[in-house]
Amino acid sequence: MNAQLPRWVDLGLIPLLNLAAALLVAGLVVALIGQSPLEAVRLIVQGAFGYGEGVGFTLFYATNFIFTGLAVAVAFHAGLFNIGGEGQAYVGGLGVGLACLALDRWLPWWLIAPVAALAGAAFGAAWAFLPAWFQARRGSHIVITTIMFNFLAATLMVYLLVNVLKVEGAMAPESRTFEQAGRLPRLDWLMSALGYEQGGAPLNVSFLLALAACVFVWALIWRTRLGYEIRTFGANPTAALYAGIDPVRVTVITMLISGGLAGLMALNPVMGDQNRIFLDLAGGAGFVGIAVALMGRAHPLGVLLAAVLFGALYQGGAELAFEMPQITRDMVVVIQGLVVLFAGGLEFMFRPLVARLLAPFLRREEG
Amino acid sequence: MFDAAILILDSTVRLSTPLLLVCLAGLYSERAGVIDIGLEGKLLAGAFAAAAAAAVFGSPWIGLAAAVGVSIALALLHGLGCITFRGNQIVSGVAINFLAAGLTALLGQAWFSQGGRTPALGPEQRFGELSLPLAQTLADVPVLGGIWSELISGHSILVYLAFAMAPITWWTLGRTRFGLRLRAVGENPAAVDTAGISVARMRYLAVACCGALCGAAGAYLSTAQSAGFIKDMSAGKGFIALAALIFAKWRPIPAMFACLLFGFLDAAAIRLQGVSLPVIGSAPVELIQALPYLLTVVLLAGFIGAARPPRAGGVPYVKER
Amino acid sequence: MTAPAIELVGVDKSFGPVHANRDINLRVEKGTIHGIVGENGAGKSTLMSILYGFYQADRGEIRVNGRRVRIPDSQAAIALGIGMVHQHFMLVEPFTVLENVMLGAEGGRLLRGGAARARAELARLAREYGLEVDPDAVVGDLPVGQQQRVEILKALYRGAEILILDEPTGVLTPDEADQLFRILDQLRAQGKTVLLITHKLREIMAATDAVSVMRAGRMVATRATADTSVEELAELMVGRRVLLRVDKGPARPGEVRLRVADARAHDAQGVERLRGVSLEVRAGEIVGIAGVAGNGQSELLEAIAGIRPLSAGRIEICGAPLARPDPALARRMGLAHVPEDRHRMGLVTRFPARENAILGYHRAPRYGNGPFLDQGRVLEACRELMAAFDVRPPDPHLKTANFSGGNQQKIVLAREIERDPEVLIVGQPTRGVDVGAIEAIHRRLIELRDAGKAILLVSVELDEIRALSDRILVMFDGRLMGERDAAADERELGLLMSGVGAGRAA
Amino acid sequence: AELKPAVVYDLGGKFDKSFNEAAYSGAERFRKETGVAYRDFEIQNDAQREQALRRFARSGYNPIVAIGFSQAAAVEKVAKEFPDANFAIVDMVVDLPNVRSILFKEHEGSYLVGILAAMASKTGKVGFVGGMDIPLIRKFACGYRGGVKAANPDAVVFENMTGTTGAAWNDPVRGGELAKAQMAQGADVIYHAAGGTGLGVIQAAADAGKLAIGVDSNQNGIAPGHVLTSMLKRVDVAVYDAFKDVQDGKWTTGFEVLGLAEGGVGYALDENNKDLITPEMKAAADEAAAKIIAGEIVVHDYMSDNACPY
Ligand SMILES: Nc1ncnc2c1ncn2[C@@H]1O[C@H](COP(=O)(O)OP(=O)(O)OP(=O)(O)O)[C@@H](O)[C@H]1O
Ligand SMILES: Nc1ncnc2c1ncn2[C@@H]1O[C@H](COP(=O)(O)OP(=O)(O)OP(=O)(O)O)[C@@H](O)[C@H]1O
Ligand SMILES: [Mg+2]
Ligand SMILES: [Mg+2]
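Protein chains in written order, with the working numbering: chain A, 1 to 367; chain H, 368 to 688; chain C, 689 to 1194; chain B, 1195 to 1504.
Derived by calculation from the structure, the hints in this document are not laboratory data. A few of these clues could be false.
From the structure, some residues in chain H lie toward chain B, with a derived Cβ separation under 8 Å [unchecked claim]:
1) 374
2) 382
3) 481
4) 498
5) 499
6) 592
7) 593
8) 599
9) 600
10) 603
11) 654
12) 675
By construction, the Cβ of each residue, glycine as well, lies at the ideal position given by its N, Cα and C atoms.
Please build the complete structure, drawing on both the sequences and the hints.
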């Protein structure tokens, strides 16, 4: 039924068709509410990509999703389903924040940032360790344990924020705001090099770190011996055993890397934007990461693109809600749902049709 | 002491009911090889539909019907994605969750203008508590009265439905043609196909069952346990139910006990708050709240061996590659 | 003259770019056993699956008992009295035999009534054809031979008049195979028609009335079995002359390279599968282990390879003890291992060939520096392996699942042999492989022996064991029953394999 | 400056039936009375706070009212960027020349409903259900406890929090269970400060024929006859005043603490609960209110020392 299609069709045309279909249905919903769908799409696109600040926000959100998406993707290659990105990122925020709180009065940002990044990754990894260990050693299902660890992370963080980290006399359960040195620089230089004005967008150097993480994950998975072991274990555990790959070791290491990536995500909101440890700092990015990883087919480039798509939906959606008060923020969630549905769940819907339409043309190409 | 125990158990029953319905829903789907991470969304959509319909038409039964209908529709959408078009089941489930969260709030606001809430439901629009025979008479008999009148009697009809569904599901899976085929299609769809049965049809039936039960659970949430729909009111129950399903290794009767366990932990946590315990004294609220999750992890790591999921779970059935 | 049971006219089938069946014409007479042979990937399974309604032909016509029919799905095939035993069993492993037999033919909404009927019918079939299986056994726990019976029972239970068997003996011991052919004879005697796919030309000669040969998707010839020979069939299949006998000189054994001392091991269920096995393999000899599948051979290979921990005993490779169960360590000590089940263990079928070319050796320094794998060197190594073993197509980037069975096997063999190991342990090297490939594989193993390597060979093909081995050990129920030389009498070996024999003390 | 009012709600959303909704109704009241339109925005995540404030400021909105303590950092930043725009923030102090900070003495209002609860209780046991265990909620709880003890020193107060994730504010089922647990221990009046979760508390109390106390907005109408009263936190007034002050040219900045004296907190008395509040109860509450206003009673503010003496 499915002919082999050229890569540009599989990776370019079909995703575009899917996206278009999602937007079409979203447009119908918008029309039902009595607003102009075209205008809505224009607002989303314009809001997400049309001007500097919008682009800045899009990339800011995308930064979060890249990290959490990569976290899920790495685990996925080992056949592990890490639903715990949310909790790992939350606890990672504690690591990042503690590093900043401890050092922001002594060191410059470029010395604090690596420490904070390491701390975030280490805390995130630590939060992934037990579920990994239990899965590898005791056979407890990693999906459940990571879900449970999400709840535990929330509980731990509320406790710490309210009882330990909160500023005396302040209302909000959050840590003190970091000094200047506890803040990551913004990317104005990069944006203006691209001809944009970043404006108020909190885009910061953790975006560059996210890009580096994409390269890192790509190299790890496809270029290293460890990555080879991870993929082998994920694709065929029996063959992995045969090849002398220790399942416990691979499971634990993979989850540590996955949790570390999720923990790194906290760098963006904590050190890059809010400059303090605050409630719910992961803000659902851990869950969006699942969709991002799956839509990006667990490939870093795909994750990057999917993350930008989601970032654009977040930012463009906010813009839409702003400009069209009748469209509430819930509409944005609906649009996200439709995009995930069409680009993910129904991704093969148009494939047979495309294959049939392109068949005569492709055959000629072959011959 | 005994009374306190009865009250905790009573609360356990109430809290486990939506978990159990959703857990069994997931069981139908996953035993047929369709992983369903969208349980949460279907539960939420069901809760919304039930409350909205009950508010408009004034009857919880119409609400239940609407909930079941809407949840089945979402389940079929999930099916369309991962049965017909062979998409990724997890992505499709995630999409359902997003859609349900967004659409319930959006439609709720559009229809009722109460910020995504449905109007508060009056007693006649909700499922009331059923009083079983003799509940009044026995109420004052020690022990038995507590058990019969408090614990067993006085729940909504959906509670009895949920607890009846566990054995019914067991019987259906084990004793009927439908059940045999459903289990087979989750283990080896190719075997089902070569036996001349349509894999797609079986899987669609399974996800429809899943939708129906999620709908019932939603109706319970919004028209029995509470009196109306609130945005995001499912509060993660779909995921806990999924955990219970894995915990129970995809078997109906253990699923019931797993849900009861989760319900019990929750009920206990609710009642332990602020109570001064021996040895530790009054524990921080957070610790108590974390207890169910901690215990789950401990139980999983300690007592439950590796679970073997239905073999074909998560894999779309592809005959010709 | 009665109409043929099956007649295919101009059947054509493509999977995307793969043209699996080209313009096939075939006549199968009623009440005969009709063999079909062909190389791996020739299109045999595809053709049979079309007949069974599993795939749809793109073109062509099917006639059953002279009547033109459409077979859109398996239900239709069943209704026409066609049953099929697939190459890869179509069984639901966690189900009982009874449940598997009933699936799709339950006879009512509730299982109870149908179950009683099915039980009675199973008892009848068991009596009539000697197809005995415990109806309440869980299929996944049954040995493959029994599983196959379940498949046959399934077909017969559905009233099959025409039975298709796709490589039924690939997984059977000679004994089990004989039993199968007796059953097939009985079926024929009852007027049923059997279509038999196999790579074993001896079986074709012994069991069939007629035989058709496929090559590269085409039906190249049909012969009455009486009028043809193994040599002719092999030539028709492969398109060239094939040497069916292995030529080898006498062995020149050197020092001991592999020593297993009193090894004991358990399986996942805790059953003891190795009950004190001791053996030695010397450089420059092939030691064959004969035995009915499931008597501990798999566990022995896994234990030597470091995959399965021993509960007692010792393993020495090249004179040094294997300190812990670790396949990577065993490899470093000079061991190479061709596992019995290449799909499950020897390959990651989702990977391209080049990545399978380094499976187990991915930590070797020659494939890169530090933590990195050098893609260029991996590719080069894969090309060399493919050239040395004539893997077709020689494309390192092709997904391994898309190679035919024989070529997949060659990839595994090439990887393990070309590493120049001191000790090679091989399980079922030619299972499911066509004659052309068998010839090549056998020749390689002999070459390796002559190069002074120690080889331990496990196979359920007694012919293969006898053809290759310098010494033969027979395994039964986790123990070695005795040692014979290559010229040993087949009957005597057979007795040892079934646990009767003088050498019990060994 | 020209009047062009705007509101930014907190994460709960403008229809949270309590805090944000109060702000919304204040803005609506202003629009109805004056005919001046306003703009509002519901944020979806933390990064949007600044974004929304900045957009409003850039488009010349004035005043811009931010609801909720979580907005403080964002208001501080944006107010510095736009020194000519006027900002107001509810529930937190931002010490800038162009920001009006509005705080409420929730403990005072809670104290009053505490008195009413103690007097309405037949069992001498009352309950409190909070959303998340954060200082603001403890402030409610502490004031309530103070009022209860003042009216009945022997009274028992059960205090529970709902959870630790965002769901804590939207989980009526758990709210209901918490209420049932408290009622099982004897509580017959339960005060909630738990957003949407509180609806479950009210429902459970109503189902059991007991009493609940609403919060922030007037929630007496949710289950008439079963909501004893509601602790009003007049965010609506704060928003309305902010808009109105700009319109009337009477805008001031700095700190505003709205307590009983300023009419910023109070308890709701209307059609729905007039039969529940006896004259004695009303008298007691009003007397306490008078004393608090006069300074004779100082209700302890939990936030001042992170402790509750009651
Ligand atoms: N499901 C499928 N999807 C795509 N291509 C297939 C599929 N099954 C078979 N093919 C292609 O059809 C060709 C014929 O395969 P088939 O399984 O019929 O061979 P075979 O003769 O049975 O080989 P073997 O002896 O190894 O079993 C193969 O070379 C393969 O390329
Ligand atoms: N995805 C695919 N695309 C194209 N051809 C395929 C694909 N998967 C399998 N094939 C082909 O189908 C044929 C049969 O493959 P199968 O998986 O049955 O393995 P096999 O090696 O023939 O099994 P056995 O070892 O039991 O004989 C092979 O020739 C293989 O090339
Ligand atoms: Mg085949
Ligand atoms: Mg084959």
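Checked hints:
no. : hint : verdict
1   : 374  : holds, 5 Å
2   : 382  : holds, 6 Å
3   : 481  : holds, 6 Å
4   : 498  : violated, 14 Å
5   : 499  : violated, 18 Å
6   : 592  : holds, 5 Å
7   : 593  : holds, 4 Å
8   : 599  : holds, 5 Å
9   : 600  : holds, 6 Å
10  : 603  : holds, 6 Å
11  : 654  : violated, 11 Å
12  : 675  : violated, 31 Å
Checked against the numbered hints listed earlier, the structure breaks hints 4, 5, 11 and 12; every other hint is satisfied.
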